[in-house]
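Q: Just so you know, the sequences run in chain order A and B. Be aware that the first sequence starts at 28, since it is given in the working numbering, and climbs by one per residue. Be aware that the second sequence starts at 28, since it is given in the working numbering, and climbs by one per residue.
Don't read these hints as lab results, they were simulated from the structure. Values in this document were obtained by computation on a predicted structure and should not be read as measured data. Certain hints may be false.
When the alpha-carbon atoms are kept at most 20 Å apart in a straight line, the in silico EDC-like pairs for lysine to aspartate or glutamate are as follows [stated by the list, open to error]:
| # | chain 1 | residue 1 | chain 2 | residue 2 |
| --- | --- | --- | --- | --- |
| 1 | A | Lys460 | A | Glu483 |
| 2 | B | Lys244 | A | Asp247 |
| 3 | A | Lys244 | B | Glu319 |
| 4 | B | Lys391 | A | Glu223 |
Number of protein chains: 2
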Amino acid sequence: MPTSTHCLPSLLLSAQTNSPDTPVEPLYRQIYTRLRLAITQQVLKPGDRIPAARALAQEMGIARGTVEAAYGLLQAEGYVQTRGPAGTIVSLNLQLPARSRGETPTVSTVPAVSMLAEHAAHKPGMASNGSTLPFQMGLPALDSFPRKIWARLAAQVIRATGQEDMLYPPVEGLHSLRQEIATYLQVSRGVTCQPEQVFITAGYRETLHLFCTALLKTQDQVWTEDPGYPATAHVLTHAGMRAVAVAVDDEGLRVAQGIALAPTARAAIVTPAHQSPMCVALSLQRRLDLLEWAIRQQAWIIEDDYDGEYRYQSRPLPALKSLDDAQRVLYAGTFSKVLFPGMRLAYLVVPPSQVPTFQTAARKVHSGAPLLTQKIVHQFMTQGHFARHLQRMRKLYGERRTHTANGLSKVLGNYLEIAPQPGGMHLILRLRKGLSDRAIAACMRVHGLAANALSERTIGTSAAPALLLGFTNIDSQATAERLAQMILRILQETSHAEQICSTQCT
Amino acid sequence: MPTSTHCLPSLLLSAQTNSPDTPVEPLYRQIYTRLRLAITQQVLKPGDRIPAARALAQEMGIARGTVEAAYGLLQAEGYVQTRGPAGTIVSLNLQLPARSRGETPTVSTVPAVSMLAEHAAHKPGMASNGSTLPFQMGLPALDSFPRKIWARLAAQVIRATGQEDMLYPPVEGLHSLRQEIATYLQVSRGVTCQPEQVFITAGYRETLHLFCTALLKTQDQVWTEDPGYPATAHVLTHAGMRAVAVAVDDEGLRVAQGIALAPTARAAIVTPAHQSPMCVALSLQRRLDLLEWAIRQQAWIIEDDYDGEYRYQSRPLPALKSLDDAQRVLYAGTFSKVLFPGMRLAYLVVPPSQVPTFQTAARKVHSGAPLLTQKIVHQFMTQGHFARHLQRMRKLYGERRTHTANGLSKVLGNYLEIAPQPGGMHLILRLRKGLSDRAIAACMRVHGLAANALSERTIGTSAAPALLLGFTNIDSQATAERLAQMILRILQETSHAEQICSTQCT
């Protein structure tokens, strides 16, 4: 039964009168926070209608887009849902996190980085092979994973192991897991698909390999982002494709350049949410241009949405796939960033018409993912832990990003100025042209710090030198400051410090 | 508490009175379906006795074999069990799916075969993709796996999960598991290697893919066995290689033919212990010829030792790799046959000189196996369960092979004579030339029995037609006899029975 919501504008307007010394949050964020609070405290209950964005904006005297941004965020997180002509309501199937029961600690007190640095010190070989040195990119916050819940679910799954769990797993993946993924994608990423369209893989490389096997043939051209994720071009080349590096600018992939370089390419592989590694979002115009090209050429787009959930300054952008009426987009997701990489589970959503082709391809190349891990993840999702974990991590990463940026700025403030980008899992520290980001990164690695040089991820374009630093495992500003002291010494040792005159961030 | 089942015949007889326009199911199938329904709906409860086949057949006025065929199917699927003089009862440890309680069916311990048979009925692709119909090839005895021990170890591993277990696993595999495998190979298969030579993969396909990536280039020729395991040629072709089918005779691969057909091939893939599917051992002379050719050509030999442990009439043959002083042999093993396939773990032992090459290749193509399954297997091996399990299975399979051969012979004795081969996990039933093993196998599959036709695994040679029947999940001679009754009826139905004049086995 919808209840009246006429008191909402005043409730929301009060949000602007913050205490004078705290910085005022952006307005959409205040609206979002207040509404979320009203929902979590059950002032607004499931089924309650919230005012139309247009009406609320008028009443508050603000831009409609501001309200829509707040609503978008609430919707992406599952707090509200649109009901067509009925407008937007508080989600009917909303299950609020059981935080009050103290189930899982939000932030562990373990100093994550120091422990891992010790670990790495004993395993020197790990650095080039995905270790957890401080600033390691692409790793989730390992100290904040709900391991107890995970262990409990895993134990349940193992106790219930039957003979059917010992068989060769279906090459497409466990059906119940595919179902959960389809539901999650609909709610969180605006992607509408059937479970049959979801193919489980053992990781991004296997996802790409499956795609190449199903839809490409040897020597096909494929656009890749430049700078980009190095593994993409490696896997393509290994599979016999020709990777065509297409430059990335402030709006993401330069589609026009792609068309100029390889108009008849058979596919494009993009990271629309936060370009890897530049963290820019693919603009709406570019999204439309890319889709138009794909439709015209009957080419395929792989949307690699590896960290699409992690946007801190506005709502997570809906997936490119959500615009894809013509079914040219394949959506690639992974559990490596949102849960943890050791489980080796990822997935690819393919167009309905291509399901049989992918079934054949999967039979050709896949070994299938172990049923055990698939079942644990399924339980984790079904029981609502997945959504809660995502929500907690979005908040935690927002904090860690700020702490890390502040800590680095405080110590290296004379040399660097760091503006955090809207999303992603790493910061970009730009260096003055002429400096070697590779040399500095190499030197940092020698000192036990993970650092990636932007130039190592660049092919054709001559990007300004920059360092890429993961912040997800930096647990506090104090840790960031200590690490920044190390960087400072490294810069001084390598005589680079005095040369660094300006920094900026995307 | 066993209850009386005297109403059963009438219950079953009613099965025959189908509506006139639906095609009547074979009688044994009707009996089977009705009984299964009675069990799943708990009309018959665990421990309830079901009538003796002879008595039921008399009461229904049908052949005893018909009833036995139905019972055989129920027993193979785990719904009923024989209790010696006590007759046949509904299985005591039967746990029916908890669907009625609205739980997810995934965590239940459903009788494997029936569920899968249903599943397969809806997914025609399944039967060829590893389901558990009776006579399924290549599956271990799922009913005899020490699941309790496994669950206990798994729970321990999960409780001990640390942050380092959540990272990307090493692409070569967990070092402690590689160590255990190296030790096992030395003791059991006469293969001397260091842990660094062992590369963990997600299965045989990934093993082959890794090999192709590391040591071959596009269009390289590779000898494969004919008849052979179909996946081998598929993976090679998919990886861009040219598979050269080389005939197999009583001594295994005809090395001289290989040399005649493709003297400069870069590799040969063989199953020396029990050739797949002919079960012959590669003779010592052929082993030496093959090694000599490989040394001369600097070619590679992949020894696929998928079931080398299972030899019943003498001790397991040492691996070909144990003769390999020149380091031309790569040894491929898997846990799918000796533990269970659902875990997706296999391995490849490479020559010491090729370790760096394989490390590079693994980084290119592998996603890495989940640490969880690797750690569980490691514990299973370290604590001695692996060796004990192998020993128990060697004994059990020896018994099941004998029981299955005897049961089939007893019923089909007028048509077939089956001599069990010295090793492996399946029997070969040879048919007279001119008969279509494919047609018979297809007909068996329609009736819910797994059967593989030898001709489906043959490329160039015209092998005498034969059926390949897995025996590892046939739990007694009685079951084998009941299933043989079904085969007999199928042979009669398909008008093949009278044509079958002789059978023999390798």
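Q: Going back to the hint list, which numbers does this structure go against?
A: Hints 3 and 4 are the ones this structure does not satisfy, whereas the remaining hints hold.
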